[in-house]
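A.B. asks: Heads up: the sequence lines are chains A and B, in that order. Residue 106 in the working numbering sits at position 78 of the first sequence, with consecutive numbering throughout. Residue 133 in the working numbering sits at position 84 of the second sequence, with consecutive numbering throughout.
It is worth saying that the hints were derived from the structure and are not from the lab. Careful: at least some of the hints might be erroneous.
[To be verified] Simulated crosslink set (EDC-like; lysine to aspartate or glutamate; CA at most 16 Å straight-line):
#, chain 1, residue 1, chain 2, residue 2
1, B, K122, B, D75
2, B, K52, B, D75
3, B, K52, A, E72
4, A, K39, A, E106
5, B, K156, A, E72
6, A, K85, A, E106
It should be emphasised that the depicted structure is a prediction, and the values quoted were computed from it without experimental measurement.
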Amino acid sequence: DTGVSQDPRHKITKRGQNVTFRCDPISEHNRLYWYRQTLGQGPEFLTYFQNEAQLEKSRLLSDRFSAERPKGSFSTLEIQRTEQGDSAMYLCASSLAYPSYNEQFFGPGTRLTVL
Amino acid sequence: AQKITQTQPGMFVQEKEAVTLDCTYDTSDQSYGLFWYKQPSSGEMIFLIYQGSYDEQNATEGRYSLNFQKARKSANLVISASQLGDSAMYFCAMRLMNRDDKIIFGKGTRLHILP
Numbered sequence: 029d030t031g032v033s034q035d036p037r038h039k040i041t042k043r044g045q046n047v048t049f050r051c052d053p054i055s056e057h058n059r060l061y062w063y064r065q066t067l068g069q070g071p072e073f074l075t076y077f078q079n080e081a082q083l084e085k086s087r088l089l090s091d092r093f094s095a096e097r098p099k100g101s102f103s104t105l106e107i108q109r110t111e112q113g114d115s116a117m118y119l120c121a122s123s124l125a126y127p128s129y130n131e132q133f134f135g136p137g138t139r140l141t142v143l
Numbered sequence: 050a051q052k053i054t055q056t057q058p059g060m061f062v063q064e065k066e067a068v069t070l071d072c073t074y075d076t077s078d079q080s081y082g083l084f085w086y087k088q089p090s091s092g093e094m095i096f097l098i099y100q101g102s103y104d105e106q107n108a109t110e111g112r113y114s115l116n117f118q119k120a121r122k123s124a125n126l127v128i129s130a131s132q133l134g135d136s137a138m139y140f141c142a143m144r145l146m147n148r149d150d151k152i153i154f155g156k157g158t159r160l161h162i163l164p
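Between the sequences and the hints, there should be enough to build the whole structure, so can you do that?
C.D. replies: In structure tokens:
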């Protein structure tokens, strides 16, 4: 399978715990994006990388959130000291940088539930 | 501010009928792209169709077509000959080419196809 993969698919954690999600993009894609989707809403942009460089961070990404893409391949999204408001689906997407009209291919998402 | 508006939270359509999902967008940028994604109950985001702001012809992909009216800033999705498998959430989205590379999503329309 050459699509975008995410791990885990589901995560249940207690408030205050740290969680880490992983995203493996399509291998030749140099751009990788993280989005958050809450129930009944469209995905909201969190951050994106071009290769290993983090180029944009949304104001939604508080200090408790950090994302990395150390070798320009897979990426991790860590949430520290989780809060109930962090419960959401976390979507990863990848694309080529050029041409700019290339669609973003989405992974299946990680559904986080904070108790 | 950049914004996508989908005014139809839910729609019910008889199988085999055509359906139009509304989308209006707000941007002062001249260079942008408009997308439609489908999200079934399984959660993955499936790319359907793309329209560039400089494209003179409406985009078509199989049973999907995008009715692009630039002056009205609308990008409605038309699904011809609807099928039961079309039941899903549908998101309209916009990508600004000359700014950060994020995609801005609308809140979505839930489409129900009736047998």
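A.B. asks: Against each hint, give a clear statement of whether it holds in the structure.
C.D. replies: Results of checking the hints against the structure:
Restraint check: the Cα-Cα separation between B:K122 and B:D75 comes to about 7 Å, which is no more than 16 Å; the hinted pair holds. For the proposed pair B:K52 and B:D75, the alpha carbon gap of about 5 Å is at most 16 Å, so the pair holds. This hinted pair checks out: B:K52 and A:E72 have alpha carbons roughly 12 Å apart, not beyond 16 Å. For a cut-off of 16 Å, the pair hint linking A:K39 to A:E106 stands: about 12 Å separates their Cα positions.
Restraint check for B:K156 and A:E72: the C-alpha separation of about 10 Å stays at or below 16 Å, so the hint holds. Distance hint between A:K85 and A:E106 is fulfilled; the C-alpha atoms sit about 14 Å from each other, no more than 16 Å.
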